[in-house]
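Protein chains in written order, with this note's numbering: chain V, 3 to 260; chain C, 3 to 260; chain W, 3 to 260; chain G, 107 to 389; chain Z, 107 to 389; chain B, 107 to 389.
Each hint should be verified, as a subset may be incorrect.
[Stated by the list, open to error] With beta-carbon atoms standing in for the labels, derived distance ranges:
| # | chain 1 | residue 1 | chain 2 | residue 2 | range |
| --- | --- | --- | --- | --- | --- |
| 1 | Z | S185 | C | R163 | 57 to 63 Å |
| 2 | V | T94 | W | P126 | 54 to 60 Å |
| 3 | C | D247 | Z | E360 | 16 to 22 Å |
| 4 | Z | R139 | W | E124 | 33 to 39 Å |
| 5 | G | Q306 | C | E123 | 47 to 53 Å |
| 6 | C | K72 | W | P126 | 57 to 63 Å |
| 7 | Z | T296 | C | H216 | 34 to 40 Å |
| 8 | G | R300 | W | E189 | 57 to 63 Å |
[As the list claims (entries may be wrong)] Which bits of chain B does chain W cover? Going by a derived footprint, with three or more residues having C-beta under 8 Å, they are:
| # | segment |
| --- | --- |
| 9 | 156-165 |
| 10 | 189-200 |
| 11 | 254-262 |
Worth flagging that the hints you see were computed from the coordinates, not collected in a lab.
Don't be surprised by glycine CBs; every beta carbon is placed ideally from N, CA and C.
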Amino acid sequence: MSNKKGKKKKESNEEKEEEFIRIDGRKPDEMRPYKIRAHILRNADGSAEIRLGGNWIIAAVYGPKEHFPKFEISQDKAILNCRYHMTPYSTTERKSPKPSRREIELSKVIKNALEQAVVLEEFPEMSIDVYMEVAQAEGSTRVASVTAAAVALADAGIPMRDLVVGCSAGKVNGHIILDVGEEEDKEGEADLPIAIMPNLRKVVLLQMDGKLTHEEFKEAFDLALKGAMELYEEQVRALTTILKDMEIIEEGVKDEKE
Amino acid sequence: MSNKKGKKKKESNEEKEEEFIRIDGRKPDEMRPYKIRAHILRNADGSAEIRLGGNWIIAAVYGPKEHFPKFEISQDKAILNCRYHMTPYSTTERKSPKPSRREIELSKVIKNALEQAVVLEEFPEMSIDVYMEVAQAEGSTRVASVTAAAVALADAGIPMRDLVVGCSAGKVNGHIILDVGEEEDKEGEADLPIAIMPNLRKVVLLQMDGKLTHEEFKEAFDLALKGAMELYEEQVRALTTILKDMEIIEEGVKDEKE
Amino acid sequence: MSNKKGKKKKESNEEKEEEFIRIDGRKPDEMRPYKIRAHILRNADGSAEIRLGGNWIIAAVYGPKEHFPKFEISQDKAILNCRYHMTPYSTTERKSPKPSRREIELSKVIKNALEQAVVLEEFPEMSIDVYMEVAQAEGSTRVASVTAAAVALADAGIPMRDLVVGCSAGKVNGHIILDVGEEEDKEGEADLPIAIMPNLRKVVLLQMDGKLTHEEFKEAFDLALKGAMELYEEQVRALTTILKDMEIIEEGVKDEKE
Amino acid sequence: MKKNNFKKKTLKEILMANNILKFIKENRRLDGRGFLDYRDLRIDTGVIKKAYGSARVELGDTIVIVGVQFELGTPFPDSPDKGILLTEGEVLPTASFSAEAGPPSEEEIEISRVVDRSIRESEMVDLSRLVIKPGESVLKMFIDFNIFNDDGNIIDAAVIGVVSALLTGEMPDPEYVREHLEELPPNNLTSVPRIPIPTQDFPIANTIALIDNKFIVDPTFAEEMVSEARITITHTVNNEICAIQLIQGGLGYEQVFEVLNISLDKSIEIRNRIRELLGLGGD
Amino acid sequence: MKKNNFKKKTLKEILMANNILKFIKENRRLDGRGFLDYRDLRIDTGVIKKAYGSARVELGDTIVIVGVQFELGTPFPDSPDKGILLTEGEVLPTASFSAEAGPPSEEEIEISRVVDRSIRESEMVDLSRLVIKPGESVLKMFIDFNIFNDDGNIIDAAVIGVVSALLTGEMPDPEYVREHLEELPPNNLTSVPRIPIPTQDFPIANTIALIDNKFIVDPTFAEEMVSEARITITHTVNNEICAIQLIQGGLGYEQVFEVLNISLDKSIEIRNRIRELLGLGGD
Amino acid sequence: MKKNNFKKKTLKEILMANNILKFIKENRRLDGRGFLDYRDLRIDTGVIKKAYGSARVELGDTIVIVGVQFELGTPFPDSPDKGILLTEGEVLPTASFSAEAGPPSEEEIEISRVVDRSIRESEMVDLSRLVIKPGESVLKMFIDFNIFNDDGNIIDAAVIGVVSALLTGEMPDPEYVREHLEELPPNNLTSVPRIPIPTQDFPIANTIALIDNKFIVDPTFAEEMVSEARITITHTVNNEICAIQLIQGGLGYEQVFEVLNISLDKSIEIRNRIRELLGLGGD
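Chain V with its partners taken away, still in its complex shape (with noise of 0.2 Å):
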């Protein structure tokens, strides 16, 4: 439906990103309302929930803790374990819990995303699971998700080298857009997941799929670096509310030893 709009407005490049409306009648440079909450889970050693749009996933961390069996035991470092699943209902058409080809995929280029932030080293002979459980998917979920278990890892006190936050841009109806939604994926002509350290400043997921030029690519990859830095900031706020929490409990326990 937004194909009309979309070829009605392919003009020189400065106006349309100014006129180009989306689907959802999002600016191509804007992302969807998102939230992040820490420390949600009880159990886990680490948790997180984030919102992105209509997408829900909540991370959890265990670890670090003994690994079994005892002969895929690392003795240099920890072995990281990631899971991306996606519940029964977490999408239209009713998905097995079983994980998918795409679900194997998706959780392994998260634990290399993740692999090059925490220290691993610190862990010889242990493992740290990560658990992201998507509840609600509506588009760029792999991003959100790694997004999600950064400030689950930093939740449960693992020593990392900086933060993961991962944003996607794409191209739609030949405008190049941030955080792209579960229609535009479906319907547009590229998508570019990306997650980053955004102080060390390096890529460590990188996805593409659809066509691109060279010139577009760079700018839908400058647009999701923008994207993951604005969500830079709410993992970081995210964590301070914790992190205030935790001080409050902290003096508590002190005024009552006192």
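Here the structure of chain V is known, so what remains is to put chains C, W, G, Z and B in place on it, guided by the hints.
Showing chains C, W, G, Z and B alone in chain V's frame:
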């Protein structure tokens, strides 16, 4: 087909128990014919067979024995493994030999029942395997299976606090009945399988589905207890027979030695 | 299509052997063209490739090497793992890459054949892996596979009591034939795959299906032996070639050193 | 984080378990509740916009999310005039240190089946209203529940979640589907107008644990770890029992009737609490 | 029970294995049989009332139960005018200390396939008589066998069980099914009148083991443990070979013919014994 | 063979890895190549006579075989006017000491999906030409690739193999199938006349590894073992990017553009090399 008969007979509570005739001609509080034989398989450490109406179930016990893999070992008691399994030809429609969710659930509740009776503390770091194979199913297989399994455990010489014996009651056409048959399970209003430790007077398996008032439950529960006590006599008979056989053999051995 | 030709020729036993022409133009006792090459994969410890008519099979050997998991280890000899596997494009209809029951059975009988020849006692607590991948199948793949696997084992320098070489015979339109092709297997009356240790004169793989009289069996068995001895020459040729190559290389190394 | 903290959860649980026993012996509970008190209950419905019905339930620190979805299906041969109801649940690996990813464990299968029986046997959903064409085409209702945090008493929380999702949920109008079967895109019911799910009643499951020979309701994860027996009983609105599962341990004959009475009382209390929270009329 | 008894079965087997070798060297067998003697055979048919055909076979202490069942199915594209025959077997975990629950092992798959080939290649069942509508609808015959106790020579016992179940079994009348296809409840053939299974002949499988270079028939579990080679040969009623499987080890060229001759003799003997036990006319 | 040789491969690799680092620091590669040089490429097409298209590719010591097959299928509901394309790959256990038999590992799934995306997103195959009857019947194209020997850079080799198989392959004539659908034997298209696969363009994937902060193309197995990062970029004939996968490690922001430029150059070079080897007209 039993419906017509059943509905006609729905009269006062006292009368109905007298007059209600079940689909297979039984009275409400009548068991199907049954027979238990112990020590029927040569290889197993203990074994037993039960026939209860058309049900035919064979149970075997292996152990106590070393448990593998090592990291699963329990330091303070033996692990009890239980498998309730239906053969492909046990049902009218062929059953895949792969365990169904139903079989997995029943294996679990049967394991819980037997764990209450077996003195697992005597065999730390060991495991005991109990296998129940349903050769033919005709309603109330789970309680028949646990009944056979207890005899097989005793036959294996495994120390037990008490035997375990199971029986079912149910509600068909408004009547509370003992020992629910296959048709009665399908057409009836409720099914109540139980297993008990008859001397310790403990319920160790208790499930229900369908609908029962609290009064009906009490009636059904008492009926099932009565049936279980009847089957317990048969368990004892089967084990005594074996014991006598063994004594004869042992005496034979002694004679030889002398 | 060969049926017409075949039926016409059903005459006296002597004549028929001379005159029966097979579906692919072969004489009854004629092998398809074949070629074995050893040492074709760089990474494997040993490898070989066989082409037999349209069959194309690649075998690789890894080991001897430490066996995992530890509790499966054999104290007195190496464990031989064998996998016979068909690639998805090896058959006219696409084959799922998941091992079928047929592939599991053939892996087992091939393992038994190779176990007779490999001196497993030299490598206690170790394992040796043999992989046979059918890139294209055209009848008699199991005997071609075991033939290639034996060359790969020799190429890996694994000590063997003898080579193992396989060949098939069969019955088509009443004629006993050598080296059964795909169409002949489907349309024919019997299939007899064998594998032997040619110097120790032992049969180590023997299967049959279809129908054969004892006389026909003898004829077919002798024919298969003849075929196997012919392929054995090719095995030796392939290994000698490699040996020569190695010597050249080793001399080269010596020259360099001096 | 210190290294001797690595197994902290497990240790914490063990320490807690000791306390629980001590407390129960003193007729107290660690969190201050009475033996027959439920923890705080919070229900949010409509939390999954993509589902036809959904709910998020917090029972103390136990968190469950439920989603209800519909597909077209073929009825079972022995019930051609009934829709299909499928209930599946998983304890997500986020839920506790002992929960694991992978195929469902026997405990998870048991939980799923007890929840399924509670809903099915109570006849809460009128499955005859899910039929498109008898014997040929029916609506298949998937109820999936996931435990995100397990602080005990999963089954009670899951049943609360499922009934809340069903009471507030919708389904594709079978009438409409029947009339437009040819035109509908294959296996896509999103364009079909929706009607409320035809519910008739709602069941309540109550789990009771036996610790030091005392009965407590709504056990926590730690209380479950030290319980000698645990049983779940489901009641209909008419105070009939529609499902029982002795989950762990054994009970004396008389104790069976004791737990039945406790659970009946509690089922009425919790049913009213749900009505209140969902803004439904009381009885 | 003493703790040093825990691995008793394994030890017993090892001790027995030593004895077997000693005995065989002295031209004896542990149970007193001659090298070419089968153990006692007992056949009960019709033991599973729910199956169309069934048998329970005891060959010494080896116990197998066989059930035959029918469903409607679609023929394979390359044989539109033939019914479908599926033979599957499992060694139940009750059978011996080494049998395991779980997906079939490679040994179990081999056994199933050898039994399947024995039945299939002998053309015992006339599959053309299982057709409802060529290319569209046929009867699918499931033959399932289970080993309840494994004291060796599973394949011979299983083939005896399968042929006994088939010879005494029934099947849904394909004629009737053809005429009432529309009215029949889906996948439910219980109401269909039955006719005998159309069998033409019956195969016999004979397993021969090589121990200390001597051939013995009908090996026990313990004899199998020490055998150098083991081979199964199946013969038709016309003394044709219809299946061979070298299960273990290797044979000299001449030994192949030796085992063929032994198995031919034994196939005639066992076939007659089955006829006798089933009350069929001898040849 | 000496016993200390048993883990020789692993040791060899480790030693090689050390050398690689040393060499790269000295701006050299162990096999003498420049940082931006591909290894020798050899392509044989039509190697699998049973397949509709096939190729065997050697890229240095990496060996891949690709087969393309067709079946009849039903289109996906959301694309009724498109044929189905399925790409699956496995690293066979023959390929290296670390490859394993069994279900595909997460690495194998990733490789398959990257190759699939390279082909799919480039729109190399005109899937609209695979339709028999829109919404009802289409050709299903299976592309299977297997790594027989893994000396690194599997993805580039696999994409070269797939495009070679597609460029030289055939498919059943959909027109003919449409007209003879009733007469065709079920699921057997062998009798159908063939036409070339309708390809429009062909993509090239280039994998670039980062070692000691230097970029190298076409990494060997040993180079992959020591690389800090590895990325695959696929370009269309119009120099558009159609797939990216950061397979391992991380890259600085500027490095992303560096690898994009390298891969564009290399894609043009390799595309021309393929055209040459397959005897197609250059651009």
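So, going through the hints one by one against the coordinates:
1. Taking 57 to 63 Å as the suggested C-beta distance range, the pair S185 of chain Z and R163 of chain C conforms, at roughly 59 Å.
2. Judged by the Cβ atoms, the range 54 to 60 Å given for T94 of chain V and P126 of chain W holds: they are separated by roughly 59 Å.
3. Distance hint check for D247 of chain C and E360 of chain Z: the Cβ-Cβ separation is about 48 Å, which falls outside the suggested range of 16 to 22 Å.
4. The hinted window of 33 to 39 Å between R139 of chain Z and E124 of chain W holds, with their beta carbons roughly 38 Å apart.
5. In this structure the supplied range 47 to 53 Å holds for Q306 of chain G paired with E123 of chain C, their Cβ-Cβ distance being about 49 Å.
6. At roughly 21 Å, the beta-carbon separation of K72 of chain C and P126 of chain W lies outside the given 57 to 63 Å, and the hint is violated.
7. For the hinted restraint 34 to 40 Å between T296 of chain Z and H216 of chain C, the CB-CB distance of approximately 38 Å keeps it satisfied.
8. As the Cβ distance of R300 of chain G to E189 of chain W is approximately 59 Å, the hint placing it in 57 to 63 Å holds.
9. Counting residues of the segment 156-165 of chain B whose C-beta sits closer than 8 Å to any C-beta of chain W gives 3, which meets the bar of three, so the coverage hint holds.
10. Residue count for the segment 189-200 of chain B with a Cβ under 8 Å from a Cβ of chain W: 5. That meets the three needed, and the coverage hint holds.
11. Chain W is given as covering the segment 254-262 of chain B, and this holds because 4 residues of the stretch bring a CB closer than 8 Å to a CB of that chain, at least three being needed.
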